[in-house]
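Mind the numbering: the sequence shown is residues 1 to 301 in the numbering used here, read in order.
These are computed hints drawn from the structure, not numbers from a lab. Don't take each hint at face value.
Said to hold, decoys possible - Label pairs and their in silico Cβ distance ranges:
{"id": "1", "residue 1": "LEU171", "residue 2": "ALA82", "range": "36 to 42 Å"}
{"id": "2", "residue 1": "ALA78", "residue 2": "GLY57", "range": "28 to 34 Å"}
{"id": "3", "residue 1": "ALA5", "residue 2": "ARG248", "range": "47 to 53 Å"}
{"id": "4", "residue 1": "VAL241", "residue 2": "ALA78", "range": "43 to 49 Å"}
{"id": "5", "residue 1": "ALA63", "residue 2": "ALA237", "range": "39 to 45 Å"}
{"id": "6", "residue 1": "GLY267", "residue 2": "ALA5", "range": "38 to 44 Å"}
{"id": "7", "residue 1": "ALA82", "residue 2": "GLY216", "range": "23 to 29 Å"}
Unchecked claim - Below, computed lysine-lysine pairings styled on DSBU-like, alpha-carbon distance capped at 30 Å:
{"id": "8", "residue 1": "LYS204", "residue 2": "LYS107"}
{"id": "9", "residue 1": "LYS204", "residue 2": "LYS96"}
{"id": "10", "residue 1": "LYS107", "residue 2": "LYS96"}
{"id": "11", "residue 1": "LYS288", "residue 2": "LYS204"}
Ideal Cβ positions, reconstructed from N, Cα and C, are used throughout, including at glycine.
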Amino acid sequence: MTSDAYEAQVRLLVRVLPLLGRQDRLALKGGTAINLFVQDLPRLSVDIDLAYTGLEGRDEALAQIHAALHALRVALEALGLAVQGTPLRGTWTWVKLVVHDGAAQVKVEVSPVLRGTVYAPMPRQTTPAVQARFGFVEVPVLALPDLYAGKLVAALDRQHPRDLYDVRLFLAQNRLDREVVVAFLVYLISHGRPLHEVLRPNLKPLAREFESAFVGMTAQPVTLTDLEQTREALITALHAVLTDEDRRFLLSVARGQPDWTLLPVAGVSELPAVRWKLHNIAQMESRKRAAAVRALEVALQ
Numbered sequence: 001m002t003s004d005a006y007e008a009q010v011r012l013l014v015r016v017l018p019l020l021g022r023q024d025r026l027a028l029k030g031g032t033a034i035n036l037f038v039q040d041l042p043r044l045s046v047d048i049d050l051a052y053t054g055l056e057g058r059d060e061a062l063a064q065i066h067a068a069l070h071a072l073r074v075a076l077e078a079l080g081l082a083v084q085g086t087p088l089r090g091t092w093t094w095v096k097l098v099v100h101d102g103a104a105q106v107k108v109e110v111s112p113v114l115r116g117t118v119y120a121p122m123p124r125q126t127t128p129a130v131q132a133r134f135g136f137v138e139v140p141v142l143a144l145p146d147l148y149a150g151k152l153v154a155a156l157d158r159q160h161p162r163d164l165y166d167v168r169l170f171l172a173q174n175r176l177d178r179e180v181v182v183a184f185l186v187y188l189i190s191h192g193r194p195l196h197e198v199l200r201p202n203l204k205p206l207a208r209e210f211e212s213a214f215v216g217m218t219a220q221p222v223t224l225t226d227l228e229q230t231r232e233a234l235i236t237a238l239h240a241v242l243t244d245e246d247r248r249f250l251l252s253v254a255r256g257q258p259d260w261t262l263l264p265v266a267g268v269s270e271l272p273a274v275r276w277k278l279h280n281i282a283q284m285e286s287r288k289r290a291a292a293v294r295a296l297e298v299a300l301q
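Let the sequences and hints guide you as you build the complete structure.
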C-alpha cells in the first residue's frame, strides 16, 4: 500500500475517533494510541483497537460492547459513512466495525476477552504533528504501562513490523521500568499462547509484511534489519529486567497456583483474560501442565 493510501485511512480514522468519547467503557490502545496520542506521528496507524474497561461477567460485557458499537455505527452512518458490523464467532454480538468513506476503510475492534486494565485509562489529545496534519481529537487512552506492555506482548507474539517499529522507538526513548514490567507480566498471563512461546518466540520471517503492510508508513526510513535487531533487543531486554520474584510468579501461574503476593498490583486475579488463562491451565492434563512448566523454566533461564 502507498503512503497516500495510508494517509487516506488516517484521515478517516480521525473522523471516527471523536465519537469514541461518548462511550465511557472503551479506551484506545495499540498503534493508533501510541503514534497519534503519545508519540508525535512517527508512523501512520490505520486501525482503532479498543479495550473494554469493565469487569462484568462475559455475557454482560459482550452486551455492553455490542451496544457501544451499535451506537457508534449509528453515529458514523449519520456522518454519511458506510459501516458493517462483525459479530463474535457463534454469537450475534458485534466486536468489530469496518468503516468506509469511499476512499478508505478502517477497522474498529474491541477485544472480547482482554477486558479490564492494570492501571486507569486517561484522556489524551492528539499530538502536535497529528493536530497540524489531521486535526484535534481527545479520547480515553490506556495508561502508558498498559499501552506499552500490550505492545511488547504483541511484538513478541505477532512479530509484525508495525509492532516492532513501535517497540524500537520505545526502547530508544525509555527504559523498561517496573510499572511497564509489571503490566507486561499481566498481559503475558492474559495471552492465549503458552507463556514460554511468548517469552522465547520462534522468529518469524518479516520481509513479506514489511513490504506489503509497513513500507510507506513511517516519517523516517527504517530497514528490515533494524526491525530484526529490535526483536532480538526486546527479548534480551525483557529477560534482563525480570526479577527472581517475576520468574517465580510466572512459574506459579504455569502450575495453576498463582502467588499473587509476588505481583505488586491489586485486582489482577479478577481480570477476565487472567481467569480464563487459569481455567485453561486447570483443565490441562497433569503431564502436559508439567511439560509447560519445564518449558517455561528453560525459557526463563
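Going down the list of hints, with the structure as the test:
1. Range check, LEU171 to ALA82: Cβ separation about 39 Å, and the 36 to 42 Å hint holds.
2. Evaluation of the 28 to 34 Å hint for ALA78 and GLY57 yields a pass: the beta carbon distance comes to about 32 Å.
3. For ALA5 and ARG248, the hinted distance range of 47 to 53 Å is satisfied, since their beta carbons lie about 48 Å from each other.
4. For the pair VAL241 and ALA78, the beta carbons lie near 48 Å from each other, so the given range of 43 to 49 Å is met.
5. The given range of 39 to 45 Å is respected by ALA63 and ALA237, whose C-beta atoms sit roughly 41 Å from each other.
6. Against the hinted window of 38 to 44 Å, the Cβ-Cβ separation of GLY267 and ALA5 comes to about 42 Å, which satisfies the hint.
7. ALA82 and GLY216 have their C-beta atoms about 25 Å apart, which keeps the hinted 23 to 29 Å range intact.
8. With a C-alpha separation of about 25 Å, the suggested pair LYS204 and LYS107 falls inside the 30 Å cut-off, and the hint holds.
9. Among the hinted pairs, LYS204 with LYS96 is consistent with the structure: their alpha-carbon atoms are about 27 Å apart, no more than 30 Å.
10. Proximity of LYS107 to LYS96 is assessed by CA-CA distance (about 7 Å); at most 30 Å being required, the pair is judged to hold.
11. Distance restraint check for LYS288 and LYS204: the Cα-Cα separation of roughly 25 Å lies within the 30 Å cut-off, and the hinted pair is therefore satisfied.
The structure is consistent with each of the numbered hints, conforming to all of them.
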